[in-house]
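So the protein sequences, as listed, match chains A and B.
Note that this note's numbering numbers the first sequence so that position 91 is 91, with each residue one more than the last.
Position in the second sequence (first residue = 1) + 237 = this note's numbering.
I should point out that these hints are in silico values taken from the structure, not numbers from a laboratory.
None of these values were measured; they are calculated from a predicted model.
Errors might be hidden in some of the hints.
[Said to hold, decoys possible] For lysine to aspartate or glutamate, the following EDC-like pairs were computed, each having C-alpha atoms within a straight-line distance of at most 20 angstroms:
hint, chain 1, residue 1, chain 2, residue 2
1, A, LYS75, A, ASP64
2, A, LYS75, A, GLU161
3, B, LYS458, B, GLU357
4, B, LYS484, A, ASP81
5, B, LYS484, A, ASP64
6, A, LYS75, A, GLU8
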Amino acid sequence: MTIEEAREPILACREVSGGYTVDAHREVLKAVSFQVQAGECLSITGPSGSGKSALLRLLNRFDDPVQGEIRFRKKPLQAYDPLELRRRIALVLQNPVMFHGTVRENLLRRPAGEHLSESALIQALAEVGLDRSFLDRNAMELSGGEKQRLSIARSLLGGPEILLLDEPTSALDSRSLHLVVDTITHLNRVKGLTLIVVTHQAELIHRLGGRVLFLEGGRIVREEGAEKAARFLEEVE
Amino acid sequence: MKPIIDVGFVHLLLALVLVLLVIAISHRERLGLERDLVIATARTFLQLFVVGYFLIYLFAWDRWEFVLLTLIVMLSAASWIAVGRLKQPLPGARWIAMASLVVGSAITLAFVTQVIIQVEPWYDPRYLIPIGGMILGNAMTGAALAGERFQGELRNRVEEVETLLALGFSGMEATRDLYRSALRAAMIPAINAMLAVGIVQLPGMMTGQILSGTSPLIAVKYQVVVMLMITCAVALSAFLFLHLVVKRYLTPAHQLRRQLIL
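Chain B with its partners taken away, still in its complex shape:
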């Protein structure tokens, strides 16, 4: 097998030409994005190199405690970001997000790494960290999408919900249509991704594996697992998150907490 071509440091800096091109467009068309582009580029370099060096150490230490700790930090960040995407603040949303991401991601990650790939030792950071990252990242997006959609639906359809409550519907029954539409909104991107995968572009992970010399067939098998696990993690996390969010908007006496909506 041919050895992997490393990108030399000078050549890496040469890649900045690509961004300079974008900055030129932004400048010419007066988009005002030059500053953002500079910051975003700098952060891309910084964040990825920090992660890269961290992973080198994590792989070298090879201890389950550190792997778990890393996953917990990733989880906290994911909950933070998911809640930040909600348009309206919701008391306790951070804990709700964390709980649903923990359950949704942990089940998926454990199943994929232990049952399907059968990672040895069970905590091998080379598998757990990147796979955990993909699961968490997608679960986070799914939960945020579901929460945001539910809030929007509730704001637009508050009279409909109150009409049902006034007829004696329970809070869960009265919000069921909104809940369904939010859960669908969260799941549809993952389903669309499965429909389109491989037709135009190869997914990032598969591309990476092929570039680093893995046989395309192995890469494909991994990618199939990845697609399925993402769909599952999104659905589980969004489902749990939404269930807890809906409860937040209702009291035990089936009252709508309008002060959280309007």
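This is chain A alone, in the form it adopts within the complex:
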């Protein structure tokens, strides 16, 4: 690999407009451009309704932009099979949804044609700091933080290159928050997974490090390092 190739961003948004608000009736993003390097951890923050989640949902093609282009490994997102794309760019939604049954049954619920070994399940759980005894636990009875980590483990089973996390710690108490943050930073720093994290929590931004994009009214209004951004958010709060 040449140095030029190494600098090629893994994901690039160019002049992207569109995306839907939570109620799905208003387009929110206006000419958003940014790039993400492989192995980077990028945080996106901003007030509610600023388009953070809308942006995340464009990156795994839950929605398509009205204007502009998003490229993943040099090719436009539309060039990929959407189902394959969503395994490679995996979105973890804000509220972890568990299905009835055990943790094992939840992990084994895969798209048609995907089969997983027991050791793959144990490894995915280990990545998020849960041991194998969890496999037989009732998924509905896990704590909020455990559900969130299980939800991340479930996405890891698809072998993602980029993990998109939408407010991963917003509903958690402080202890659970720390465990989830440990999980996320481990995936980035030890496993080298590229992360894009939407959050409004200064503490999470501080712990994640890396660059932070501020969204306001659907536009990127500034970019900061994590420390400065976290301080700024704390002052605002």
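Use these hints to put chain B onto chain A, whose structure you have.
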């Protein structure tokens, strides 16, 4: 055989006493249903007499073109009503409803009239119109029930569907549980009707045949066919309708059209 007793016009009006009784209850208990009752009674008279006279002419003309035309009008009305029962508007739903009712009803009607009863001539309105009406009416209810249930499930379980989509499930896979529950909801009333039939009350068609002098055994045979055909028409129409409705909520790129749900 004893001749059929006709209901004289004066005696028919005497039946209004039954409604007056209901109006009295509504008035006494302040239900506020008096106006509705008057309108509903008037419409019952009007609609049924119009249909009655129309059928007299249709039987007299005895032409397949008119029978077919009548069935098409009934079909359009059924699609209209089925779509009207959906809680949320869905673009193109009327055509979807019409297509699924056409296929679901036509297959059932053709099989019952041509293969089982062997109507002669094939278009005999005396058979095709009432049987077609029963099939369409039930198919309409089935499709509406399935569509309404699917919409409700989708609204309540949108996060579940999105979780599956985010894992790389196809749109059809991600909505399969919702689809199943909607199809079951549509089919269960017809199945329950088969379980209960004849135990407490005789079904309308059988009652009518017996009142008009048909042997109970013939009436029973007809009623069995009717029960089975209704179940089939409901299932076929709901199945087709649901398939097309599910596709409406998804894009070819397996995206959920949230603006149709939320």
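Here is what the structure says about each hint:
In summary, the hint linking A:LYS75 to A:ASP64 is supported, as the alpha carbons are separated by about 15 angstroms, within the 20 angstroms threshold. In summary, the hint linking A:LYS75 to A:GLU161 is supported, as the alpha carbons are separated by about 15 angstroms, within the 20 angstroms threshold. Taking the CA atoms of B:LYS458 and B:GLU357, the gap is about 18 angstroms. The hint holds against a cut of 20 angstroms. For the suggested pair B:LYS484 and A:ASP81, the alpha carbons sit about 18 angstroms apart, so the restraint of at most 20 angstroms is met.
The hinted pair formed by B:LYS484 and A:ASP64 meets the criterion: a straight-line CA distance of about 18 angstroms does not exceed 20 angstroms. Taking the CA atoms of A:LYS75 and A:GLU8, the gap is near 12 angstroms; set against the 20 angstroms cutoff, the hint holds.
The earlier numbered hints are all upheld by this structure, with none contradicted.
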